[in-house]
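Residue numbers (our numbering), protein chains in the order written: chain C, 1 to 325; chain B, 1001 to 1256.
Hints are not guaranteed to be accurate.
The calculated lysine-lysine pairs, modelled on DSS-like cross-linking and capped at a C-alpha distance of 25 Å, are [what the hints assert, rightly or not]:
id : chain 1 : residue 1 : chain 2 : residue 2
1  : B       : Lys1020   : B       : Lys1077
2  : B       : Lys1077   : C       : Lys146
3  : C       : Lys146    : C       : Lys180
4  : B       : Lys1077   : B       : Lys1256
5  : B       : Lys1256   : C       : Lys146
No lab work stands behind these hints, which were simulated from the structure alone.
Values in this document were obtained by computation on a predicted structure and should not be read as measured data.
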Amino acid sequence: MSAGAPPIVRIQGIVKDFRPGLGLRRRRVLHGISFSVREGEIFGFVGPNGAGKTTTLKILMGLIRPTSGAASILGHDVGETSFRRHVGFLPENPYFYDFLTGREILRFYARLSGVPRARLRARVDELLAWVGLTRAADARLRTYSKGMLQRIGIAQALVHDPSVVFLDEPMSGLDPIGRKEVRDLILRLRSEGKTVFMNTHILSDVEMVCDRVAIIVSGRIRFEGATHEFLAGGEPEADVVLAGLPPETAASLEEDFRARLRGVAERIELRVAEKLVNPLLRAAITAGAEVVSVTPHRMSLESIFLSAVEEDRARRNRAGGEERT
Amino acid sequence: MISRVFTIAWNTGREAVRSKLLYTLFFFALVLICASMILANISYVERNRILQDIGLASIRFFSVAIAIFVGVGLIHKEVERRTVYTILSKPLSRGEFLLGKYVGLVGTLWLQAGIMIAVFAGVLLLREIPLEAGHAAAFSLLAVELAVVVAIATLFSAFTTPMLASLFAGGVWIAGNLTRNLRDMGADSGIEVVQQATALLHRVLPDLASFNLSIEAAHGLPVAASDVWLPTLYGAAYAAIVLVGAVSVFERRDFK
């Protein structure tokens, strides 16, 4: 995508409140999230369960209305319907009419998507071959395995040849072979010039296929950027393990050096920027701590993901503590 | 728009045709229509009228029962099973989806009622009972009644569970058949509040008794053209208003 080209997907300040039950109380699940997806990339939307990934995707698909904020795909507000002929969607654990055969369900979706009658038969056959279901095409969907349903799900998302495809946990529940097949299908989509938006919590898959990622934790975007920047770039860090560190010093080290602290038995592990290792060690030794080890740390998507989750947990604990006091 | 509505309608019909529940009810209706011959033979008097009463009542009751039982799950099932996710991600509005489901079920019910009517006509022919204009009028208004009942079931299906929706839709059907009597009773009461309340109920609830020409058909009584086209017009308007309400409710829903 050229630098000035508008993004394919744009989310700006989306807030979503749900009202559990019949009461007036509202629960905020998205706190003003913003990010964008560029043309031709595989974008990974990553987060733990309950982070707000599926809610965001449902807002993009028009299945849920945002409380406030704006979302657009291909420059159209997500509340419109006509532009959806350029959009494909695979929900998490998709369910289809199981009284239909694989061929019938694809014809059904193709008709809904406005595939011309003259092209319909050939397109359905082409898709069935593309996802490797030609032999099972005339079997009812109730006889399909989970992997086959996932593939028919991908086929229905592509039957109208969309330019942008949204996949919600496309590899969830699949065995390693199934995951590899779906991963290959996603890479093929990119090679065909399509934009892919993928919700997932399987980080290894994200590292393997995604060009860019956004990490969402508790309804807030924690990171957005290129996957290779996360993997190779970023500030180098080190893990420092200390023994005999007084608790009050641990807290001040955490604060002064922006270190992330984890208690391991009677030791304390601190992850800190490499350039801050020496001053941190000096402060720790002065406080009477013993240095057990210092290990350079390679940033991985998993570490970013976990630290975002931990930060969020700490933030909520602090908020809870302040509320109690 | 029409092709998308038709695609949903066709698929709804296909689902209904492949549904076991529907076949069970359909089978019972056919058995009862045929059994009406035996039941009529038990009687010494007015065998032909009894046969027609039972046959017409069976067609009406089972058609309405299928309309309610299938209709109340029409939208709810799609949401519960999440089939709606992939469908609404296509270039299709929620209104088109709901209309397609409605048209599909009404079409299926008309086809089924048509088969039941054909069996009933066969029974009449065996008993050498002539098919008259009253029969045609009764069957036409049954079709209108089914369209109204499915619209009501669809409305409830758009926002509540099948269990509650079947209670609501069944309740409306029973009340709709009694609303004329209620209005008349209210008028006879001489109390203004009761008169106004029963008149209001008669206006709000569907006047389903106006679609029932079974007595005229069974007794060979004359039926004026206005007895058919006025209720048809009324039924079409009522179903349209209810469907607009159903679409409006469905449009506001979040599919969590």
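Query raised in the report: Which earlier hints can't be squared with this structure?
Result: none
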